[in-house]
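S.K.: Given the sequences, and given the hints that come with them, work out the whole structure.
Here the protein sequences come in this chain order: A, B, C and D. When the letters of the first sequence are read in order and numbered with the numbering used here, they come out as residues 34 to 268. When the letters of the second sequence are read in order and numbered with the numbering used here, they come out as residues 34 to 268. When the letters of the third sequence are read in order and numbered with the numbering used here, they come out as residues 34 to 268. When the letters of the fourth sequence are read in order and numbered with the numbering used here, they come out as residues 34 to 268.
Please note: incorrect hints may appear among the correct ones.
Repeated chains share a single entry, so a pair holds when one copy, or any two copies, can fit it.
[To be verified] With a straight-line cut-off of 25 Å between C-alpha atoms, the simulated DSS-like cross-links for lysine-lysine are: (1) K150 / K216; (2) K51 / K150; (3) K51 / K241; (4) K252 / K241; (5) K147 / K216; (6) K241 / K147; (7) K216 / K111; (8) K241 / K150; (9) K252 / K51; (10) K241 / K216; (11) K252 / K150; (12) K147 / K111; (13) K111 / K252; (14) K216 / K252; (15) K150 / K111; (16) K111 / K241.
Don't read these hints as lab results, they were simulated from the structure.
Protein chains: 4
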Amino acid sequence: MTSFAGLSAVYLNASLKKNSADSHTLLLMEKSASIMRAEGVEVEMIHMLDHQIGFGMVTDAVADNGAVADDWPGIQTKIMAADILVIGSPIWLGVKSSLATLAIERMYASSGEKNSKGQYLYYGKTAGCVVTGNEDGVKAVGMELLYAFQHIGYVVPPQADCGWIGEAGPGPSYGDPDPDTGKRFGYDNDFTNRNTTIMTWNLMHQAKILQDIGGFPDKGNVAANWESVTNAAQF
Amino acid sequence: MTSFAGLSAVYLNASLKKNSADSHTLLLMEKSASIMRAEGVEVEMIHMLDHQIGFGMVTDAVADNGAVADDWPGIQTKIMAADILVIGSPIWLGVKSSLATLAIERMYASSGEKNSKGQYLYYGKTAGCVVTGNEDGVKAVGMELLYAFQHIGYVVPPQADCGWIGEAGPGPSYGDPDPDTGKRFGYDNDFTNRNTTIMTWNLMHQAKILQDIGGFPDKGNVAANWESVTNAAQF
Amino acid sequence: MTSFAGLSAVYLNASLKKNSADSHTLLLMEKSASIMRAEGVEVEMIHMLDHQIGFGMVTDAVADNGAVADDWPGIQTKIMAADILVIGSPIWLGVKSSLATLAIERMYASSGEKNSKGQYLYYGKTAGCVVTGNEDGVKAVGMELLYAFQHIGYVVPPQADCGWIGEAGPGPSYGDPDPDTGKRFGYDNDFTNRNTTIMTWNLMHQAKILQDIGGFPDKGNVAANWESVTNAAQF
Amino acid sequence: MTSFAGLSAVYLNASLKKNSADSHTLLLMEKSASIMRAEGVEVEMIHMLDHQIGFGMVTDAVADNGAVADDWPGIQTKIMAADILVIGSPIWLGVKSSLATLAIERMYASSGEKNSKGQYLYYGKTAGCVVTGNEDGVKAVGMELLYAFQHIGYVVPPQADCGWIGEAGPGPSYGDPDPDTGKRFGYDNDFTNRNTTIMTWNLMHQAKILQDIGGFPDKGNVAANWESVTNAAQF
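M.R.: Next comes the structure, spelled out in structure tokens:
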């Protein structure tokens, strides 16, 4: 039986709500995180708006882009120390939030650095996403986030996104109480619960696989010497 | 030293050109395929427009959606027999071709079936994409294709897409001869060559990893009994 | 009081269902079309799968891309004769259907031709879209379709898309009967009904405006002589 | 001969560069703006990072979402006073910048308000976008921005986006000097120059049309009474 003890995960919430207690996305992120915790994974939950994060394709926005403050370097350190990254994003106008976009930009700004094998920095890790909204856009947000993850080196395991939206139009958000039934909207949605469960297990499996084999193999993907591999010279 | 002999790959070309000899996308797909062949991977190249493929969210478009002819079932059999899938798509108006969309739809129509572990059909396999155009849209096409792959069960390894476009605007396509220099456009683009090499190696690595561990682990992702895993009941 | 008599619209259904009677998207398209008809607009409804349409960035897929048959030229003639175009698309895996993509490709293949003012062919017309699905993706489909419309010359009026999806996950499609209540799913969704109404009226308003002023003004947008307009030379 | 005097435009630069002098996107925005100025349009150029803008789906991020500072209300006032809005965005990882996303979110937060006709706030205005990058993504950024504009009430005229990217891969940005020729990259790109010219003229034409007819007609699109228009009751 596989044990996931020894793995760690960062859950990064890109909600636009200043107070994490108001975030509907957090409620679904917690469902995923609770599965990881029960399996022995060390989980850290970060609410982006608890921090001041600077803009710019830089690793230090104060020194390099004139920001007043920048807590990103500390967050980046935590992302780099974790085996798993899960970004949670609300949907606004069909796409991911400005904060989710900011997180990707700041991670991308470090992607030129190399890991100990000489691969791009995020090789050897795995990532997924949690998306909630009341209208539409779970898959559109997933497309952008998962694309970004694999582009900078993460492995995207099967069914690496999950989410909830209500029927077309404005309406209750995930976890809002239903005044008629007292239940919380979305909590009994089998599709959402199943996908959240599957994503969470697949992230743990993938992280364990990468841990067991010592990261992603490096032949052919080390930027410094890709030309030397078989057939590359013919290009 | 890792051997990739025993692995197989299907390269599916969603070019809109009837004759595969006219497909610019095929030229870049062949660069990737040639690396796989040199490593012992068995490669099959399929040109979609060599076939008549019916429309519909069905496994047999003749029987179930009134199509005149439907070669998809034969293609689907090949996709299921392969460890690796690479879809090649041109870009038109910034997005993937109608044929690439058709391929995804037909694959999705089978996704309710299960593999021998009871997982969705495409679990245990890995996929990537090759994109060419003369304007813009490599990443947009990659987002849609890679999202679809992971959604139906494929693992998306790091840097699973590659492509080429020219400077903004119409102009030469990938592999067109440059009348001034005699060289072929794009062939000496380091970025394209490097990404093609990296994608190809990562697909082989990922397929080998999955082969070595007997497919993707199944705890928590088997649709039939996901409710039984730790903590899922609390949902 | 404005009269819309004298205007015409083509509604093009990119459903994957062979029989139009099975198309859920058609049900919502008909709601829009019925408003236009009541205002005197001449409406033609085209079900793409009633036709054989060839692939390729060509105006005649038989002559120029080896297709067995190609009914597109007749459809293109109708699109060119209409003031308004509405494309209806289902959502599969979060994006528009292969047939909607095919329609855009075939329209784009004619976009190099010019209208009587020397503008791109579709100048002087207006377009919108109707999207239905049971999961998610109304806005993602709208983004792709509306972008394509404006890119080839259509005016996109305010709130030019409408659609319906259910709560996250598979479930009833638009117009399916609810076995409990006997009502049809989505029919009493205020958001969908309101957006469908607004889109329809805005398309009629926009078409009337363009008719009244004799098409879109041509200064600065005629490909043949854009360099001659003020300040363009400085580029 | 049409005069555009009396029209006004806001150009909002969502560059991630703190200093506007470092923004490549600004260089292309200025080409568009210079055409407007020459035609008598009053132009205001706003560099988002000259301001502190709070996050949140709120009109005042200090009062309503705990932000330290929020200059958005002043920017919103300028957007509301202008006939034309042009958002300029760089491309990072294939999509629009976090600041462009933030601008859309903050505009959307006001979209429930009504104009003097009772329409959504942005009715009667027109919008377009300018996009630059060195890799890929002009159309993907255009899709998101133009979709958002029409969704909240703007008219999107034909060919409402323009942009520049270089050949696939990292490389010079728009306006960077070419050390070999002394020319600036992209400045002599006919496609970019033509599209920038066409977009600019079309925005002026569209704004003038809307000014001449007193804004967008309101029958059928006033949220308060859409049910009363012909046939709407049947829904």
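S.K.: Enumerate the violated hints, using their earlier numbering and listing them in ascending order.
M.R.: Result: hints 1, 2, 3, 5, 7, 9, 10, 13 and 14 break, sorted rising.
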